[in-house]
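Asks: Sequence:
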Amino acid sequence: MKWTNTVVPTLRDNPQEAEIPSHQLMLRAGLLRKLAGGLYTFMPLGFKALRKVEQIVREEMDAAGALEVLMPALQPKEIWEQSGRYEKMSKAMYSVIDRQGREMELGPTHEEVITDLVSREISSYKQMPVTFYQIQTKFRDEIRPRFGLMRAKEFIMKDAYSFDASWDEADSSYQKMYDAYIRIFERCGLVVKPVEADAGDMGGNWSHEFMVLADSGEDGIVECSACSYAANSERATFKYVEAKQYDDAEKNLEEVHTPAAKTIKEVAEFLKCEERRLIKTLIYTADDKPVAVLLPGDREINETKLGHLLDANEFKLADDASVETVTGAAVGFAGPIGLDVPIYADVSLKGVAGAYTGANKTDYHYSNVNLERDANVEKYEDLCLATSGDSCPECGAALNECRGIEVGHVFKLGDKYCKSFNAKFLDQNGKEQVITMGCYGIGVTRTLQAIIEQSHDENGIIWPMSVAPYVVDIVVVNPKHEESMTLALQLEKQLEADGIDTIVDDRKDRAGVKFKDADLLGFPIRVVIGQRSLDNGNVELKIRNQEDSKLIEVDKILLKLKEIYRS
RNA sequence: CGGGGUAUAGCGCAGUCUGGUAGCGCGCUUCGUUCGGGACGAAGAGGUCGCAGGUUCGAAUCCUGCUACCCCGACCA
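Under this note's numbering, the residues of the first sequence are numbered 2 to 568, in order.
Calculated from the structure, these hints are not laboratory results. Some clues are possibly wrong.
[What the hints assert, rightly or not] DSSO-like cross-link-like pairs, simulated, lysine-lysine; straight-line CA separation at most 27 Å:
1) K3 / K425
2) K266 / K194
3) K3 / K317
4) K543 / K3
5) K351 / K3
6) K290 / K273
7) K127 / K245
8) K35 / K517
9) K154 / K35
10) K481 / K517
11) K154 / K263
12) K89 / K266
13) K92 / K3
In this text the structure is predicted, and so the values were computed from the model without any measurement.
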């Protein structure tokens with residue numbers, strides 16, 4: 002492809018709308034243009050790279066035995082009611098009303114459609130295991146689209162669904178997908194970390210996320226410094242430090258005057274004790290009913306874990322007014338003692354004594370709190386956010402925190418969807434059973450941007466060979482020089498014949514402009530054809546992620562390029 | 001939805017405080033000189049100053065309302 006025959010609108014300055022490197026680079030390199038928030042057009046080179054990522058995904062899914070299908074993006078509302086997810090998901094779905102007045106949803110995901118299909122088509126153990134997948138545009142009415150392709154309202158996803166006759170077989174389908182994911186991301190040139198994850202609204206009881214480590218990542222990850230344990234912060238657990246008896250457990254409760262000391266820090270300073278000795282009391286409203294949640298004073302709440310415990314459609318930290326109504330005191334003096342709402346406490350508080358907590362009375366706290374004696378705790382549950390320095394639940398070594406971009410997610414769903422769609426089969430004994438399901442997603446467009454986020458320098462993108470829009474960039478220093486152009490076009494033809502995507506920079510600009518754009522676009526291999534070196538029978542070869550360039554004889558360059566491409 | 005910010009030419013910005021009819025750099029067009037790491041000169045094209053009201057002889061600038069975009073949180077591939 003000649004540069005002058007395609008459209009590569011590079012920008013010299015970073016657009017003000019982009020914050021993170023990959024988003025800035027996609028815009029600057031002319032790979033992407035915005036239509037509106039969360040909606041982007043792929044420009045010719047961006048689209049080429051996207052297609053390559055898709056193709057890698059497709060090849061590995063095929064190799065894993067998955068069958069490619071294409072499901073409708075437009076889905077009747079009824080199937081969402083049938084799965085019981087309509088209420089939870091409707092906020093995130095774009096709905097349209099057709100001329101019959103029927104409500105249709107633009108698919109945010111396809112568990113319902115595929116399970117409906119499978120319930121009709123699969124009826125025997127002989128038809129399983131089977132895994133279907135598709136690569137398709139998904140629509141989600143995101144609360145806040147962000148960072149270009151990272152969180153968009155419309156994005157391309159590879160979604161796969163496995164169906165098995167038993168849990169054991171489902172495990173092996175899950176493992177196959179897991180392994181395929183590892184290969185896919187490796188082929189994309191990504192360093193990816195699989196982490197244990199929460200299943201969220203998808204349901205099921207076991208899942209892994211594939212994380213691209215990056216400071217700009219939206220997810221928190223906790224990983225062990227010694228063993229292989231790694232988990233999304235939402236799910237991460239850690240070894241609890243035993244609850245302490247700070248003082249004689251039998252001492253009587255006592256009110257302590259703590260004027261104007263509201264925050265944990267202020268109270269701890271006032272009482273001259275460590276923050277951990279305070280019992281933090283958070284008031285939440287779950288489906289409009291108040292509940293109290295107790296944590297050690299030095300800990301943060303893990304709202305995902307709390308959500309599982311409360312099992313409510315909606316819950317949030319109560320506003321100041323509700324807190325005051327519930328506790329009868331100003332915000333900052335809430336405590337579990339005498340509180341007439343359900344009380345849940347973190348497991349590490351079981352058996353605590355000699356602690357402090359709010360007295361539900363403005364400017365007062367209690368001392369000598371023996372939680373089990375003094376408060377009516379409904380349940381002790383793991384509710385804390387794991388953090389750096391906590392002990393690994395597997396091996397006890399210190400945990401570290403980092404951030405990641407979720408590019409893939411695999412779930413074991415069990416019978417969640419198959420049950421509601423009545424997807425059953427007859428086993429060897431002629432007995433009817435519910436099919437066991439798994440689902441597996443890769444954010445294809447997000448993966449593309451994650452590649453850039455992980456592989457760039459101050460001059461631009463550094464594409465891995467496998468997904469570069471063009472592998473070789475032939476820079477013709479002076480396109481009016483006939484010998485240079487002839488050689489460039491001949492080389493292009495030979496490379497293309499070998500399946501090596503090549504672009505010839507035939508613009509009339511000065512060499513510096515073309516070099517800058519070559520770096521910005523991040524083509525893995527650059528060949529410079531200039532009159533000067535050509536007179537000595539040479540062209541220049543430069544690898545994007547290496548410092549130096551070298552001169553290669555004209556008649557050896559083709560072989561050399563093929564060799565580099567294959568390595 | 002809550003909190004913060006921004007909106008002036010394709011991109012990056014100044015001008016707004018103190019009202020007087022819009023400017024800079026890059027990019028774009030034409031010509032000339034240049035030509036291996038974002039050249040130089042000359043001549044051009046391009047803007048309802050986000051939108052709608054209001055104040056004023058006069059509004060990019062002051063007032064009111066709205067919208068879009070970006071960042072922080074809940075949602076997620």
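Asks: Enumerate the violated hints, using their earlier numbering and listing them in ascending order.
Replies: 1, 2, 3, 5, 6, 7, 11, 12 and 13
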